[in-house]
Structures are given as structure tokens and as C-alpha cells.
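Colleague: Protein chains in written order, with my numbering: chain A, 1 to 419; chain B, 1 to 510; chain C, 1 to 403.
These are computed hints drawn from the structure, not numbers from a lab. The reader is advised that the hints may include incorrect statements.
[Claimed, not checked] Derived DEER-like restraints, expressed as beta-carbon distance ranges:
hint, chain 1, residue 1, chain 2, residue 2, range
1, C, Gln214, B, Ala109, 24 to 30 angstroms
2, B, Pro112, A, Ala177, 56 to 62 angstroms
3, C, Glu46, B, Val225, 58 to 64 angstroms
4, B, Asp396, A, Pro398, 52 to 58 angstroms
5, C, Arg269, B, Ala109, 32 to 38 angstroms
6, B, Val225, A, Val153, 49 to 55 angstroms
7, B, Pro112, A, Arg133, 44 to 50 angstroms
8, C, Leu97, B, His135, 54 to 60 angstroms
9, B, Gly314, C, Gly377, 34 to 40 angstroms
10, B, Val225, A, Leu121, 38 to 44 angstroms
[Stated by the list, open to error] Over 10 angstroms on every C-beta distance to chain B, these chain C residues come out as not near it, computed from the model:
hint, residue
11, Leu3
12, Arg297
13, Thr347
14, Glu403
Values in this document were obtained by computation on a predicted structure and should not be read as measured data. Glycine included, every Cβ here is placed at the ideal spot set by N, Cα and C.
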Amino acid sequence: MTDRGGFEGLDSCVHCGFCLQACPTFLATGDESDSPRGRIELMRALETGELAPADPGVALHLDRCLGCRGCEPVCPSGVSYGRGLEAARALLTARRGVPPLVRAALGALTGADVSRVVYALARLVRATGIPSRLAGWGRIRFALGMLAATKPVRNAEFGMRNRSSRVNSAFRTPHSAFTPVTLFRGCVMEGLFSHVHDATIRTLQVNGYAVREVPAQVCCGALHAHAGLRDEARRLARTNVAAFGDDDTPIVVNSAGCGAMLKEYGHLVDVPGDGARFAARVRDVSELLAERGPRPGAPLDVTVAYDPPCHLLHAQRIAEPPERMLRAIPVLRVISMPDAAQCCGSAGLFTLVEPAMSRAVLAPKLASLAEARPQVVATGNPGCLMQLGAGLSAAGVPAAVRHPVELLDESYRAAGYYA
Amino acid sequence: MTGGGEGGRGGRGESLAAALGEIVGARHVRTALPERITYARDGLPTHRRVPGVVVLPGSRDEVVAVVRLLAALGVPFVPRGAGTGLSGGALANDDAVLMVLTRLNRILAIDPRNRIAVVEPGVVNVRLSAAAAPHGLYYSPDPSSQTACTIGGNVAENAGGPHCLKYGVTATHVLGLEVVLADGQVVELGSPGGEPWGPDLVGLFVGSEGNFGIATRIRVRLLPVPRAIRTLLADFSALRTAGEAVSAVIASGIVPAALEMMDQSCINAVEDSVYAAGYPRDAAAVLLVELDGCREEAVAADADTIAGILRAHGARDVLSAADAKQRERLWQGRKKAFGAMGRLSRDLVVQDAVVPRSSLPDVLEAIGRIAAAYGLTVSNVFHAGDGNLHPNISFDGRVPGLKARVDQASGEIMAVCIAAGGTITGEHGIGLDKLRYMPLIFDGDALAAMRAVRLVFDPLERVNPGKVVPVHACREWSGVRSAQWGVRSAADRDRSSNSALRIPHSAFES
Amino acid sequence: MSLVDRVRALLGDDAVDVATTPDGVPRVAPGSPDAVALLLGTAREEGWRVRVEGAGTWLPADAPADLALTTRRLDKVPAIEPQDLSATAEAGIGCDLLRQQLADGGTWLALDPPGLAGRTLGSVVATATAGPLRQGFGAVRDHLLGVTFVTGDGRLVQSGGRVMKNVAGYDLTKLAAGGFGAFGVIVLVHLRLRALPRADQTLVLEGSREDLAQVAEDIAAAAVQPAAHELMSPALARRERWMLAVRFAGSAALVSAEEAALRAASGGRFTALRADEAHALWMRAAESFATRPVTFRVGGLPDSSDELMDLLQHQVGDEWISASPGIGAIRWGGETTVDRLRRLRRTLAGLEVPLTLERAPWPVRAAVGHFGAYREGVGPLVAGLRRTFDPGDALVVAVEGTE
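When you get a sec, could you build the whole thing from the sequences and use the hints?
Modeller: See below:
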């Protein structure tokens, strides 16, 4: 970490404005204050002290940033917007503390003990089927829709009955040829998307990876860093660096948000060498699978719209690998959406704390999905899965949301790869 | 920093903001200082003005109502699109209202039969072409900022772009305008088919930098998407040779769709960026030449001819883009080059001079000499086919005394271009940034004539005040004249030039 | 001192010619832009009314005035730059002479205005009369890099420059082009040139107007991009029936490719003309408009061209018509009355189509005006601009009619 805390990442901005149209909030309001360039002005003024965190509008417009970093890949000067934003949010948080809603959400979703109870309850509620029936617009109904979207899709939907989760030995790679990897489990993924973890393990195995579990790992800290809680994020990062040990085993992640955060550890952890070494090991599941092909599965007759998560596409710059995963499934049709690269409005806790802006950002995407009518919307991040799932239910668009790994898993199951 | 407290205009600012809020809705009025600060610059960061109030109307009717309110109150205002302009033209002072037109972003009509589109001013340039694409049409003016800039802003600045070499600048493509004058009156200029209705007021309005009012509806010509395209990348080991090759291409009689030049410093900035296009880093300069048309065989033949000319004039290599993807990459590199300048240094001054094309080799050398004399990094990326230069000076404004040096070097570069028979801006406009150069190319009468025309549209000079025409350099237009009226002697001319050089105005303000 | 003596004292003896005008108005021929400025400055102070003349072959030299100012001695061509494809010419040069000088340098001004070959450049610019080449190369304004003009009160105003792109200040060149001299006397013009085309081919097809209109549409749909694409009435084409004349100009490869595309789109019905035939066709068509008393142009949407020609036929006849259906431009020539012109302009205005009176005897010009039936709010702007550039009302121009 440098002495300017990340603000130095903004220095190369020459105000060209090429980021404006890549910013979902600017597209929603047309207001420079809601654009990357405008926010950079605010951040620079915060750093120099020209503006104070308490000045009217400063927090409003910085809070309204999704942190999707859609501005970064279009920036010719390579401004490190995300890093500047975290520095600015740290300043804001230092001044005003964490808003109660954010604090409560962080506790419920990432707190070691509390979250276990919360997720257990959520799964119970989810199992009743009530959330999917009540899903709609409005804060509560949208939240129910988000919960409903986490529910595993039954195989029956694709005509499959085989529920085995062991890879058929006939299709296994000889044990000696396995590449060992470790799985980063996270909190929301672990609490609500354990079926995606299962699918991740299975598909990796089919492609010659042996997945090792790592105990004592904790939340990645992304939500804390976004909320300006740098110290907490740093504490979590230190724990994770220790937990995953000091070897070079790849750390596989299936949540784009977590992956982006883990790859930032080099800038976060006090001993930069440790953080950087850790970050270098982090791989999205799609990267590992794409390296091996991945191995083709059986046909799935389904139309899929792939929606790249911002933290995969913009933050990690991973575009191709997820599409290669989908192409490994015969017959499956991927339809390209014109605004796919744009944020869905989920953005971590954003959907909870800035619901109006979040829905405004989601709206154009829903409109084009409603027109394209895919059967499945695939995306590799829990927040996006929940946001899109809730939005599709509320808008009455009959499409399921799934992690790309789940689709590959289905295809492998149909191919008889699992015993 | 300029810009005082809330609303800029104190108590009056609050009541003004409230009245504006009545028209556009309170959430589309921005009064807090931090919010106004985000509007303090446009695409040229050297100028900074904090507007008094920012208002974002959502419809033509709201624009009219806001303009009428401001007229009644006598408040000056400044129209602004995406704020990607490069002359400080879309900045408003603390006593003025900044009218942001990004929300007027509807494409109102596309008429494929007549190849016409009608748009609101806030429509982003590239989005119009995207919308016209299903009809096999596109909107031709393509300023490098086309992914962000608005057509309203293009109209105000008479924006250019690489492909204007063959197809003409914005003025060539604007058929008609609905404009709101300073007093709130709505006037339709031109006619649906593009024939002027009376004197060519559309042509006059385009490029008036917001001084004549706000265009709320813009009727533009669309062109058929070329069916055949060839994009050539020629690299040269000397800047001068590249400049000479430009003249040779022009003299060949084949009009390329675009003919762009980038020098080594610029090439490296682009190659370091996400828009790396595969330009040869060891080249002193590259030319990007595009030929297009509807006939494959004709375009191919022309491309071969041009490639031959480039080789004969010293190109080390001429590469032809193999496919659409490579062509796109070559162009993205060129179009994002300005933004990539941020990689070279913290601060940037952009120039926009035009010289006769045959003088490019000499002028480029002179710019190089000036850069060396002042110890500055100057990167050239420009529309060579039009002779439209963009020398960019990269520097770190925190170094004491450096700004003054950059300022002087800019002035010298401009003087070289003017001496070559050129002008001070080809597409960026005068705005604030080039006011000081206006008396170098226009005498007092020409400047006074411009001001007098502006007064016809805006008698109180309330729309975008203080831009384009340096009022102090205008000769008096009516009433008593000097004994030498009408006669522009050499001495007269010298006098106006000298006084211009004494104008205590710098490109830098912050 | 008499007016003529004053002018002689100002500009020298040889600048004034009292004998030659048919209506006995003293004619002054200033030899430089500064002399024009001096003259008009004096006119403003003395209250003289001045009409401006070029070669006298387009607008008749018949406006009532105290003084006729002719640009015929402003006939120098200070610069032709083949390397830059630009030229600077004084306004009084004849288009034919300029064309010859440009061709000597391998360059070309892609304008083919109606009228006699010797029409002055200033006249073409002031009236913005573009010919058939407007289809491929645009209106007169698209060929101008800058102009210098003298206002009605004798100020020499330069606008634009001699470089390809220029947005320094407001574009007063646009006012001068097509202003019919209302805002000043054009004295110097900076031109955008093209290289003399290596190949230049004209093809024609005769038929009924309806038939040819359909062919024209097919051609447009096939994305054929001609330099000119003109539908001419039988009288104008000197044929039995209407004629569609298509011209291609450019590199040999381009012209042969376009010609092939034209033949494909039209079922091979066009006949290619020899160079001398083509030259004669275009020349005659241009000159014909100088032989009729009245010429006007209307500009509508391309898809309304047919309807507009029907309207013209109905209201003023269609004997002399030349139309570029691809861009919706129509030029009409013939004999007609003030009343008919006024009615036609009103009808066209209802269709949002402007009628610009290009050429007519003074009584018709004065009554009808070059412009009129403006859209709301335009009239005051035009009046304001006139006051700005001609505060003493020294320039005799029938900008608007008397209706």
C-alpha cells in the first residue's frame, strides 16, 4: 500500500470522458456527478481537502457508485478507479462510520456466527417456496426474489434424474495426473450457493483438478472494503493469507466479486509480498476450466444469455473463459445481449442500500432480456445471480438464473461422467 | 478555485434553484458545491470554472421553460452536452446556470428512405450510427470522442473526425435545427430536405459554440455504410517523410476516407494502453489510411495505388488490415490516443491547429524544434489528410514554472501554424482556450462582425458568455470609426496582432 | 461634386464607366477589395444605393440604384495550390477562366452552376447556385474554405481561411454563400478543390418522367454513387422525352465499377455518351437557364421529388426542369408571373419546402423576393442580420418580396 492509499491511481485521468457511457449510473441520470469522471473530481478534491466528506452531495454520489469498474477497461489512460474509490470510501467511513443498514447486512452475511444462523434460516424459508411466489418489486418482495434466485434448479427441468455427485471412475484422470487446487468458499456462496460449490468441484475433477478444502478460511472482505472498512477487510485478508498457506496451489473461486477482491490482496495486506503471492494464485473457476478445454459434455437444448459479472469482466478482465465453458456444451445456444457488459445493479450491498438506483440500472438489462427471451441467464457471481433472478421474476420474464458451472455440471451429468 | 457557497448566487441562487426545480424537478437541479465542482471542467482539464447552478432538463419543453425563466431573471447560461469538448467551451461561471442536455437523448426518427435522422441534442454520436445500422446507414462525422460526445455538442463545435476528410465535417451533415434562442423563442432553421430556407442560418448556427442558442432538435443526413473498406497502416522512420507522403496521397486525386498520423510518443502511449493496436513502436510515425466506397474492385484498386505511393515516399512497410477486427483495433488505437496521453504525464495541453497540407513536413519539424527548445514532450496525433494538427504537450503541472513554459511553447507552435497560412482551430473550437489567439488571425472588423452576428441571436450576450470572440479586440461596429475604416493596411494588421500578443490571458487558470 | 466625380476622386478615373449600363446608372469597377470597401463606405455616408454586378449574365443588371458596382476587375487568382487542393480567387473571375487555370494545375472545382460559362465566381457563391454535381459533391458552401466580403458600410470582413478545416469563430462564410449579396459584396473566395478526375463518364436514358423516376430510385437503392444524377425535361435535354443523365467522375477503377453497377441496376438500358457529347449536354443544360427570364430552386425530401414536380407542372408548367431526385433538389426555369410565384411559394411552404428565386427581372425579384414564407421566427433574424451588415440599406437586394 502506498502513502496515498489508492488515490494515486486517479492521477492519470485527463478528463477525456470516454468512461461516461460505460457508467451505468451516468446512463441512468445523465449527471456528471454520477459518472466516473465526476466522481474522480470528487475523490481528488477529497484527497486534497478541497472538499470534506461531510460536504453535501459527496457521500451521495460516491455511495451511488456501483463499484462495477465498467469504466476501467474503457479508460485509455488506465486510471485505477476502483482503488481510488476504496480510498475515498475509507475516508468517508472514517468520518461518518458505517450506515446501520450496511453494518447489519455485513453482520448477517459475513459475520462468522451470525451468518451461519441467517443462512440456515434463509434456506428454510427458501425451501418453502414462498419467496418465489411473493417475488416482485419493492424492497421486501425484491429481497424475497433474490433469495428465491439462489435455489438450486432441479435436474428434472433438464430431464435428468441422476443425482450422484461422484465422478465416474471411467472418466477420471489418473490420480497422479491431477492438478491440486484449493477452493475458496466465501460466505454468500457457502451459505446459499453450496450447490455451485459442488458443481465446481465436480466439473474441475472431470477436467483433471483435485480440489482440496482449506479450513480456517474466512470472508474475502470485499463488502467491507466497498463499505470503506479497510481495517476489517485487511484483517480478513490476513486471515485468508495465513489459512491458504505459503505454497503455489491455485486458489479457485467461483464468485467474481470474491475473486476480484482476493486478487487485490497485494494492495491490501500489510506485507505486500505475501498479498501479491496470494493474489497470483487466485483463479476464477472459468479460467481453470478453460485451460483444459474444458472437456465437452452432453447436449443441453437450452438458450442461454450470458451476463458477465462486472467483477469478472472489468475487474479481473476475464471475458473469454466463461464463454468457452458454455461452448463446451453441445447444442446449447448462447445469445449475445447488446448491453451484457453493463452492470446489473447488484454490486454487493448496493442493491440493498441504494435500491432506487440499483433498479434503474437493472431496468435496461431486463428490457432487453424480456425481448430476447432466453431460457437461462448465466452469470458467475452470487450478487448478480440474485439481482437478475429477482428482477426477472418481478418483471415476469420466465428465465432461470444459473452459474455457468452449473450448466457445465448438468451437461457432464447427462454425459454420464458422474457415477 | 472559484465558486462560493451553496448555489453560487447566495440567497438568489436558492430561489433560482427552487424555480428551476419547479420546471425540471428538484432532483435535476444541482446546487451543492461538490456537485457543481464535477462540472467545472470539460475535456480540456486546464480550465476550471465552477458553475452557479446546474440544471438537467429532460425535454424540449423543459429547456424552453428554463430558458424563459433565465431570460426573465437576466441570468446567463451555458449549454453543455457530455463535456468532452477540448476548448473550455462548456464551462459556466459562478454567476451562470449550466444547462446539461444529456437527458435529451432520444432518437426521434430515422427515415431510411430519405436517409435522414432527427435527434435530440443529448444523443451520443455513436448511438445514432448504431440505431441506423439496421438500415445500412450511419452518421458520418466521427470525432475521436464519438463513444461519449453528444450530437448537440458536435453541432455547437462543428465537430470533425478522421472520416471528415472524405465526407465533410458536422456542418455538411446537418440539414435542419430547432433552436431555442436566448429569450426562449423557438425557431426552426433550415428545411426538412436540407435546402436553406432563406440565408443559410443552419450553416451559421453550426459551430457557433452555443452562443446563438440551444439546438433542441437536430436533423442530420445519414450515409449508406460503405460496402468495401481498406485500412492501411504505413510506418515511417522519419516524421518528415510521413508528412511528405501525406501530400503525395492528396495530390494523387484519390480521396481517402481518412488519413491520420501518429508520432512515436503517441504510438507508445497507445501501445501501453488497453487499446494497443499493434503499431510498430520503433516507427517515427505511422499513417493510418482508409479507403472506402460501395465498389469492392474500385476500393481495392485505389488502395493498391495508395500503398504504392506510400512505399514510394519512404514507408518502411504498409500493412493492410486483414479483417474487420484488425481494422477496428487499428482505429480504436487512434481514437483513444488522446485519452492515452494520461499515461505520459499528469497534465496535458491539446492544440488543434490547421495548416495547408503541403506545409506539414516543415511545420512538424518546427514543432519538434520548439519542443526541444523548451524541453517538453510533444506528441502528435492528428488528421493529416486535412492538415489538422493536434500537438499534445504532456507535463506535470506540479513542477514549478513548467506551466508557463508550456504556455509559451503552445503560443509558439500556434504562431508557426499561423505563419504557414493556417488557423488556430480545425474542430475543437475557440471556447475559452483559444480566445487569446483569435486576434492573430482575425482583424478587428472580422471579430466585430462576428460579435454583431451574435447580438442578432442573443442581444444581451447571455448564452455561453465570454467565449469565442474576444470582445476587447473587436473594432467598434457602429458609430464612429477610425479614419482608416475599411482599409486594412499592413500596419493596421500588425497593430491588431501585437495587441493580441499582449492580452494577459493564459491557457491556464487553475 | 457629383456622384461620379466623387467616385473618380476616390478610386481614380478609370474606375468609372458612365456609358455602358442600359439604364444609365454609373458603373464603377473597383480594382481591389480595399477599393470596394472604400466605395461602399462612402456610399453609406452619402446615402447612395448600390447594386452589385458580375458578368451580368445571371442576375439582370436592372435594379434601381445610384451606382452599379461591378466586380469585373476583381479577376485575379492569387493562388492555386495543387499540392493542397485549394485556391484563392477574386470574386470577379469568370468561372470558365478559373476552370481553365485550375485544370492547368491538374485541379478541379466540382461545381457546374447554371448559367453561361463566363458567370463570375462571386455570382455563383452569392446565389449558391449549384448544378447537377451537387448530387455527388454537395452544395456551393461545401466547396468554400473562406470568403472575404465588404459589408454595406464598407468594412472588409474575412471569414474562414484557406485550410481544409476551420472552426475559428462563427462561420460567416455560410451567410455570404447564398445570401444574394444582402450581407455584403463578396470580393475574395478560398476554394476547396479536387484533383481533375482521371475518368469522367456520362450515361443517359430517355423515357417518361414516371419511368425515369423509378429508374432513379432503383439506382439509389443499388447504392450507385454518381457525381451527377439529373432528371431533365425534354426541352432542357433537347430530346423528345425526359432524360435521366448520370455522370461518374473519379479514378478509372471507380468510374468503371460504378458504371457496371448502374447497368446492373437499370437492366443495361443506359447509353454512354462520348466526351464531347457529354460536355455539350451538360453545357446546354446549364446555359438554358440563362435564356429563360425566371429561375428558381426548390429543395424537398428525396422521396417527394415526384410530387413536387407534379406540383410545379400544375402551377407553373414543367418545360424547363432539372432535378436531382437523389437529394430532392429541383431547378425550374421559364416565364411566369409574380402572382403564380407567390402562390407557389405559399403552397410549397405548406409542404415545408422552401422556394428560392434565383433569377428574374427586377420587378419580379422586388415583388417576390429571393426568399420568403419563412418559418416562424426566421424573418426577424434575417432582418437583424441585414441591419448588421448593411445598416444604411446601401445594397439593393430583393431579399424578401413586398407581399
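Colleague: Take the hints in turn and mark each one as holding or not.
Modeller: Comparing the hints with the structure gives:
1. The hinted window of 24 to 30 angstroms between C:Gln214 and B:Ala109 holds, with their beta carbons roughly 26 angstroms apart.
2. Checked against the hint of 56 to 62 angstroms, the C-beta distance between B:Pro112 and A:Ala177 comes to roughly 59 angstroms, which is consistent with it.
3. A hinted range of 58 to 64 angstroms for the beta carbons of C:Glu46 and B:Val225 is consistent with their spacing of about 59 angstroms.
4. Checked against the hint of 52 to 58 angstroms, the C-beta distance between B:Asp396 and A:Pro398 comes to roughly 57 angstroms, which is consistent with it.
5. For C:Arg269 paired with B:Ala109, a C-beta distance near 35 angstroms keeps the hint of 32 to 38 angstroms intact.
6. Our hint of 49 to 55 angstroms for B:Val225 and A:Val153 is violated, since their Cβ atoms are close to 43 angstroms apart.
7. Checking the proposed 44 to 50 angstroms range against B:Pro112 and A:Arg133 shows it holds: the Cβ atoms sit about 46 angstroms from each other.
8. The supplied range of 54 to 60 angstroms is broken by C:Leu97 and B:His135, whose beta-carbon atoms lie about 45 angstroms from each other.
9. Roughly 56 angstroms separates the CB atoms of B:Gly314 and C:Gly377, a value that falls outside the hinted 34 to 40 angstroms.
10. Separation of B:Val225 from A:Leu121 is about 57 angstroms and departs from the stated range, judged on CB atoms against 38 to 44 angstroms.
11. Listed as outside the interface, C:Leu3 is consistent with that label: its C-beta sits roughly 18 angstroms from the nearest C-beta of chain B, beyond the 10 angstroms cut-off.
12. Interface exclusion of C:Arg297 from chain B breaks down, the closest Cβ pair being 7 angstroms apart, not more than 10 angstroms.
13. No Cβ of chain B comes within 10 angstroms of the Cβ of C:Thr347; the nearest lies about 15 angstroms off, and the non-interface call holds.
14. With a minimum CB-CB distance of about 15 angstroms to chain B, C:Glu403 clears the 10 angstroms threshold, and the non-interface call stands.
Going down the numbered hints, you'll see the structure goes against 6, 8, 9, 10 and 12, while the others check out.
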